[in-house]
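Chemist: These two chains come separately, so use the hints to put the complex back together.
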Amino acid sequence: MAVFLTGTVLAVAGCTVPGPNHPAGEIFDPYEDGNRKTHEMNRALDRALVRPAAKGYVAVVPEGIAISVGHFAENLGEPSSAVNHLMQEDGAGVARNLTRFVINVTLGFGGLFDAASDFGIYPDDSDFGETLHVWGAPEGAYVELPVLGPSNERDATGKVVDLFTNPLSYVLPSRERNIGKVAEVAAKVGDRGRYADIVDSILYESADSYAQGRLLYTQNRRHELGMNTEESYIAPEDVNTEGF
Amino acid sequence: MYHFSRRNLIATAGAALTALALPVPAFALNNAQAKGLVDNLVGEINNVIDSGKTEAAMYGDFERIFRKYADLPYIAAYAMGVDARRASGGQKKAFTDAFTGYISRKYGKRFREFIGGRLEVQGVKEVKSFFQVTTIAHLRGEAPFEVDFHVSDRTGKNLFFNMYIEGINMLLTEREEIGAMLDRRKGNIDAMIADLRKAG
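Residue numbers (my numbering), protein chains in the order written: chain A, 1 to 244; chain B, 1001 to 1200.
Just chain B, same shape as in the assembly (with noise of 0.2 Å):
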């Protein structure tokens, strides 16, 4: 099994610079930086385990790593789905603040889960238009299990736009989700968003 450490990422990068010279792939540099963005976000995540600070503070440290690392706008977008076309760009904007407090709380939870635990970043694979890097969650009394982050530079940063655990798509069921509540409100999406605000 690779093993990632900081060296190798070093060790990687240089290598990229240096052929920066040669007509290199552009990708040899993003494999490296789609992996050490998700180093450094897996290292917040860990302090932030470690930290043994209250829940409450705790979200406010995932919502905080959340609106470094997550490309919001693009979750978001993808959780409202086709509502979109008949949402103000009010109700977009409104919508994406509530939906970014509301999967910090519910992630975060999720996170929470890993104390006494840690994530493992494994590996970095281009597919499609973007970088899929691997990481295993090792839990206590638990067999380890695959977290998938998806990077892409679509906004012209590395930012994570979905999640897989365990195979568990976060775009998908977040789009079920935010329909469900959206129903729930008889397609209201005023209603749906104040709704929002005190979920996860």
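Isolated chain A (complex conformation) (with noise of 0.2 Å):
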């Protein structure tokens, strides 16, 4: 049962497996030359389009206005994350999306403020490529995206499946769908514009763009997940530091 449950699970979220020769904890990236030419796509895409927009977005709409979106489309995923949770068998992660939910459409004049984290209850997001996770699937491949950046083919079936896990998207009428989706894409626009530096600094200083996002994203993800375990942890004794 659990071979097929397992084995259900790898279909279902499409991942690619190493060879028994790859290194353990190493990032697996198959498709490098196509993740590459996506990537600079991507590039091209953010140069000539998303980081203008995000500079404009950011130097006309006040901070704390920009903030407030930003809340408002976080506060509308916490439904998402809830159904995830639920998935998972994390009774106290539900508890969480759904308390910050109420305090925050509430006290938080709908989603606008992040009361909930006043209160200490602070977000505890969750998607379906963790959900995945959980049950048992692999990162699979690395894959670069188009539009949307850096991924795993674990997390790229999350998003995926997570276009159908909002059950806003059920109840709400369409015009109001559509000012969430809204809300969605320019809180992503005004993160790019509130953290233009770090995000330049990665996508046009480094040495190599491509190399570095694929570390990053996959680092920042594993910790998410809880896989950084304290043996995959730098020793003191693990570099010859003679000379130096």
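Please keep in mind that the hints were generated in silico from the structure rather than gathered at the bench. Keep in mind it's a predicted model, so treat the numbers as computed, not measured. Glycine is no exception: its CB is placed at the ideal position from the N, C-alpha and C atoms. Among these hints, one or two may not hold up.
For each label pair, taking beta carbons as the anchor points, the in silico distance ranges come out as [said to hold, decoys possible]: (1) B:Asn1046 - A:Asn220: 20 to 30 Å; (2) A:Asp33 - B:Gly1156: 21 to 31 Å; (3) A:Val160 - B:Asn1040: 18 to 28 Å; (4) A:Ala196 - B:Asn1040: 51 to 61 Å; (5) B:Ala1057 - A:Glu89: 48 to 58 Å; (6) A:Glu242 - B:Arg1064: 19 to 29 Å; (7) A:Asp33 - B:Ala1057: 44 to 54 Å.
Modeler: Here's what the structure looks like:
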């Protein structure tokens, strides 16, 4: 049964599994050539469109409002996180998402303010990529997605499934649903603007922005999913420092 | 959540000192020292952030902080990786020097974004042969996130040799970057060092 389940999860996640000679923990990137082409496309898109739009957005929109747009979009994602936590049998996660949603809709004026965090109830986002991880799916091969950027096979599958995991999209009338979508895009553009320096430094100043993006995404994602074990920490005696 | 305070540190250090008369495990004192190091480090970073100095002046301050608290020869050696085997003594020294300026500028820029925010030391834990000191960064309009410092007394002094920002490991990230800089120069170490002096 377990074998069958794991097989199903693997099939659902569409993951490529590295061969036995692949060093554990190292990023598996068999599609590097294609990924690099997508990366160049993403960079061109950012330079021509996203970056200027983001700079314009933060120049025109006051910071407080940009932050509120971010909170609003994030709050609409809470029910989706709750559904995923439910599928992961994480009761505390479900409770946190629902509590945050209710507090922010009411005390946070429809979600424009993160009132829940003021009470110490901090965000705990989840997504279907994480659900697949909890179910036992490996991350699969690294992929850089058009427009969306760094990901892996498991998380990319998760993104597709998450188009359907938000209960709000079934209960809200289409006009309200569209407001959510617009807020989400605006929040992403706002983030690109607020963190312009750090994103620019990765995309345009690093010697190999593809490799940096791949490493940063994978490390951060593994951290989010609690996959960074103490065993993986680098020890002080791992390197010969003679002469430095 | 456990909040670190100076009084706590003094109490811990005091207890450890009293216990010195007994055969006490060595880490009792080191624990407090590792935490003390990061507490001082975080205090200095917070002071620079709050100083309202110009960008250039801040980078100077961050470089001074790095030189005081970081195990720079270790970080530089790790970043150079296997290429260090073919580097001369002079190249290694020049690399460490250039690399110090580079990470001070690069990470100084990131710390500058903490303006209006703060780092809070949470706790310390012994891992493998070193100490992991956990801090939480509170930034405006953002969920708090974890910044960890790995501290070792490899050199006889407590210094941090790695830093994790939300799981992103400075040593691995810089090894990747230095490797890419070397590739761009077709493996020429001197050319890479010259590039490094302008980077970050």
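Chemist: A separate judgement is required for each hint: does it hold in the structure or not?
Modeler: Going through the hints against the structure:
1. B:Asn1046 - A:Asn220: 20 to 30 Å: Holds: the Cβ-Cβ distance is about 24 Å, inside 20 to 30 Å.
2. A:Asp33 - B:Gly1156: 21 to 31 Å: 48 Å, violated
3. A:Val160 - B:Asn1040: 18 to 28 Å: Violated, since Val160 of chain A and Asn1040 of chain B (Cβ atoms, about 48 Å apart) do not stay within the stated range.
4. A:Ala196 - B:Asn1040: 51 to 61 Å: 32 Å, violated
5. B:Ala1057 - A:Glu89: 48 to 58 Å: This hint holds: roughly 53 Å between Cβ atoms.
6. A:Glu242 - B:Arg1064: 19 to 29 Å: Holds - the Cβ-Cβ distance for Glu242 of chain A and Arg1064 of chain B, about 26 Å, lies within 19 to 29 Å.
7. A:Asp33 - B:Ala1057: 44 to 54 Å: Check passed, 45 Å falls within 44 to 54 Å.
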